[in-house]
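*Asks:* Using the hints provided, position chains X, D and F relative to the given structure of chain E.
Protein chains in written order, with the numbering used here: chain E, 1 to 312; chain X, 1 to 240; chain D, 1 to 548; chain F, 1 to 105.
Certain hints may be false.
[As the list claims (entries may be wrong)] Not everything, but these chain D residues come out facing chain E in the computed CB check (under 10 Å): (1) G381; (2) S543; (3) N547.
[Stated by the list, open to error] These stretches of chain X come out as covered by chain E in the derived footprint (C-beta under 8 Å, 3 or more residues): (4) 56-68; (5) 86-98; (6) 147-155; (7) 196-204.
Please keep in mind that the hints were generated in silico from the structure rather than gathered at the bench.
For each residue, glycine too, the CB sits at the ideal point set by N, CA and C.
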Amino acid sequence: MTAPLRDMTPAERARSTSFYEASARTRLELLLDAGSLIEFIGPEQREVSPHLRIFDLPEQFDDGIIVGHGRLDGSPAFVAAQEGRFMGGAFGEVHGAKLTGLLRAAREIGTIPVLILFDTGGVRLQEANAGELAIAEIMRAVMEARAAGVKVIGLVGGRSGCYGGGGLIAGCCSALAVSEFGRIAVSGPEVIETNRGVEEFDSRDRALVWRTMGGKHRRLLGAADLFADDSVQDFREAALELIGLVGPFGLDGLKAEQERLADRLRRFGACLDAVEIWTISGIAHAETIPELPTDQFIALADRIGRTSRDAR
Amino acid sequence: MTPDNILTALFPDGHQVRNDKGVLLGSATRRSGTCMLVLGVADRTAVGVDEAIRLSGHVLGSIDRDDGPILVLVDSDSQRMSKRDELLGLNEFLAHLAKVLIYADMNGRPTIGLIYGHSAAGALLATGLATRVLVGLPGADPAVMDLPSMAKVTKLSMEALEQKANSTPVFAPGLSNLAQMGAVQMTWNYAAPLADQLEALLADMPAVQDLRDMLGKERGGRLKAAEIGERVRDLALQAR
Amino acid sequence: MTGWQNNRAARDERIAAGAGFGHGKVVQARDATRLLEAVIRPGDRVCLEGDNQKQADLLSRALLAVDISRVNDLHMVQSGVVLSEHLDLFDRGVAKRLDYAYSGPQSARIARMLFGGKIELGAVHTYLELFARYFIDLTPHVALVAAVSADREGNLYTGPNTEDTPTVVEATAFKDGVVIAQVNEIVETVPRVDIPADRVHFIVKADQPFFVEPLFTRDPAAITEGQVLTAMLAIKGIYAPYGVQRLNHGIGFSTAAIELLLPTFGERLGLKGRIATHFALNPHPALIPAIESGWVRQIHSFGSEVGMDDYIRARSDVYFTGPDGSLRSNRAFCQAAGLYACDMFIGSTLQIDLQGNSSTVTTSRIAGFGGAPNMGADARGRRHPSVPWLKAGAEADPDGAALLRRGRKLVVQIGETFGDKNVPLFVENLDAMELAEKLNLELAPIMIYGDDVTHIVTEEGVANLLLCRTAQEREQAIRGVAGYTEVGRRRDHGMVERLRERGVIRRPEDLGINVLDADRSLLAARSIKDLVRWSGGLYAPPSKFRNW
Amino acid sequence: MEDLSFRHHVRAPAGGARKSAIVGVVASGNLEVLVERVLPDAECALEIKTAAVGFGDVWRAVIGDFVERYSPGGLRFSINDGGARPDTVSLRLAQAVRLIAEHGQ
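With the rest of the complex left out, here is chain E (with noise of 0.2 Å):
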């Protein structure tokens, strides 16, 4: 489960590196090639966000967000990483404006695939029109990079999740790769709880957290692409298979996905729980889900098919 850090190759290293815990620089120098990593303002350029003062709230140099560029088995990659521990990895003005950039000029190349280590609560509250306004220039971005014929791979395992303008931004991803600490939402669950009751939804219940939001239920519908183990090497190995692939990007995607959506709800309107849905998939003895090891799960991803390749 462990091994001492040194004397490793970083392929050794990035094995032994939990996805999940490790920093945001740490994932990035880990999943890119060894030294490969060019940052764009980095934080000794102290371009931290204009608005934490007002709240008394200290800043962080990077805004809680890292970009660059860097190289994937040789080949250039874009790269950003959220740290998901400062601000719970939230989007506010800055943090946002560096991944529209960096998406923008993809856009311009073409060619070079973005990668997006998502770990996010969604928009920072202190700077919730900013940050709400962000993400929607970032997943404006987006599309149009992938409209341009850039790939756009979003990698979810961190500790924030993925919630709120951040599900949305997956959402708008040419594929996802998600762990199974990996939970990707909209509306958290203690703002579910908050809103509609602990009847409805007890956020402290983690295992049904997890069975509603949780990498295991996203694979399972189709929602991410490929599960990953729980470690940087595992991501950086799914995120190279990803990018191989990724077909283009066009109307017809999107009327695929119109119809993998519309099914969706067709098939599993009805049910009240995740377990309904994986039984309807014809999985049995779907409750065991949760305990499965990830190569029985991922064989059984996989044999049960579902995916939003050429549907997203």
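*Replies:* Okay, now just chains X, D and F, sitting in the frame of chain E:
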């Protein structure tokens, strides 16, 4: 304002827009006699999976026809905050709606959002903020996050928050704040016919390019976004 | 009235009064309150089983609902005051006087009620001390206990969380008291007999299983680098040199870190088999990797832990299990084991003063003692030798005659110099002193007395108090590991350096530990999921600890 | 928030040739340390922005010990602190010195 009033004022020559449980779907005839696709959310309805799929379906269904520009009317709640919606993947449904609108806009079907009531969070992202031009009507009250909820999370008093809101448009609800940020490009008024204002906009649509960060800078609401975005873009273009 | 069997007659009368409410011994849950009204007399000593973990919650609610003209002014003698109902009894006037040991979740409210005079306090005890008094001067008239199942005769199966039940029933049933048990189910045959039927007078079937709180689960994901460092210092600076094999661990994150470092850091130091082989300990999930790696030979437990049942069942070489295969815990025996058969206690606390006294009491919270004072005390009645015990004794009294020199139990306080919200661990004066003055107590609630403490470990190093020869040295040794707290910053630098030269204080570098190596990657498991994997899927953590 | 700044004369320059390094993250009980090799060899400076107000004396003590122990000559440390404990601060500072001494840009 009711959606009926607004539709009548926008399209005096008639429209076929139906309001089915808060979801507006249809089309309308412009002053010029040409057609315009209309969709939207009315009556402060929450946008969940059921609403989103119908809205996106309406746009996709028209995409091979030339139904003209697309108008998205907005008076919604936030996204529907329920177990069922999240279980079914609300993020994909909302993203899909936004994608469809963005795709249409990029492919010869200019999109205009018109917010005349409320909206918030994920619902606003999937509707008004996914259009090329978002227009506000007087009385609209979009709120990314309402102040009472903010007070709870930030542990600040409402008074303290309201005071801070006076000095910055960056967090507090309201049309004028969103306008200052560059999210709402213009606000129409009821003094002139809405139909004329719509025609004027359509006659002079900005290019298919996201200029909201520039606008936010011009209006003094977002001083950083455009510059940061531009710097990253330049660095990235040099780095390859 | 003269006679020598009055109590037995009174007991028989109580049973007869209650007999009308059931079929045989079995009483419906809805009749529980009427049963209690019939059986309990005003002023009775009542043990309402509130253990560290298991709670007779249905009987608590039933007792709270009694007609107070019939049942009042009770004297509650129970180890745990844990449920809000336990204190509601005093608010309502059902109960008046209290002798107890532990009040974790109710610590703030119990403090308010003590200040407000709502509760007449007998004393706050340690578990073993309260159990002892059950047999001398606090024997219950009525015991309300909790079990997993019962048969119709009244044989009880207490399951993995046996905890206090045998002790409570022993004291009550054999001294003319009445025993009422709430059970989750009534079965034909119980899986094993934990309490024989002739000691049980009534059984109430609860509509919901009794409440058990997972108190001993520490999520490895929450262990900090500082805690890893402190744990490394403890292993290399104390476990290794003394060769501590028989021990008890506290429940904090620092000791969880130790448990998770055994198969990694400990293995590298070549300590496997030489330390940490026999435990008096609840089934801590954090110990799973060490067990699976072959470190641990035997564990006896006070209680169980939620989610550990299948794992324990499958590892009966390590745990104590019954003929049914499930854990048999017993708080009284395990406390005795911790006191007499262990060479070391290591645990954390909230405050340590300059004499080394420690306390978990703050002026607004009275958490009680639980078992720590018995674990963390030198057993003066101990007579068997062991290497660590003798070595500690020799360090304390190097000039004494070896054959007459008592050994010493290693009592180790471990913690970070600053706790939650930057509250310092080290203080000039314990809050417990202020509390004692306010409440007019004859004794301040000290968890572990300074003269029992042998070592203090913080991220700053290990202070060996056994080697201190004067009160002044002791104070400076404590200040010397108190870091940047006020207490630490006011140390005598010269004296602290001299203590370091003598090995009284050992810094990380003195132990050959590089602070920068204290990395979470050293932990054998870094998440609850890792623990599940280590257990081969046998550990089933409660939902609140999952992130899958 | 409170701003603190410290400047020390040191006996020797820090090791390594890297220009800058960053460790940690700004979160409750945590901090980030950005270290840059921008000062003369015999000097070091620390600029701190902390969410915990009123701990100047503790910072002074922590930094005094750190400078004495590591002699980080030539380095400027910029710290954003989310209210970390002194031991965490010491650890991050030491990590920063180690990282800037490693090979790399």
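*Asks:* Determine for every hint whether it applies to the structure shown.
*Replies:* The hints, checked one at a time:
no. : hint    : result
1   : G381    : violated, 43 Å
2   : S543    : holds, 4 Å
3   : N547    : holds, 5 Å
4   : 56-68   : holds (count 4)
5   : 86-98   : holds (count 12)
6   : 147-155 : holds (count 3)
7   : 196-204 : violated (count 0)
In summary, the numbered hints that this structure violates are 1, 7.
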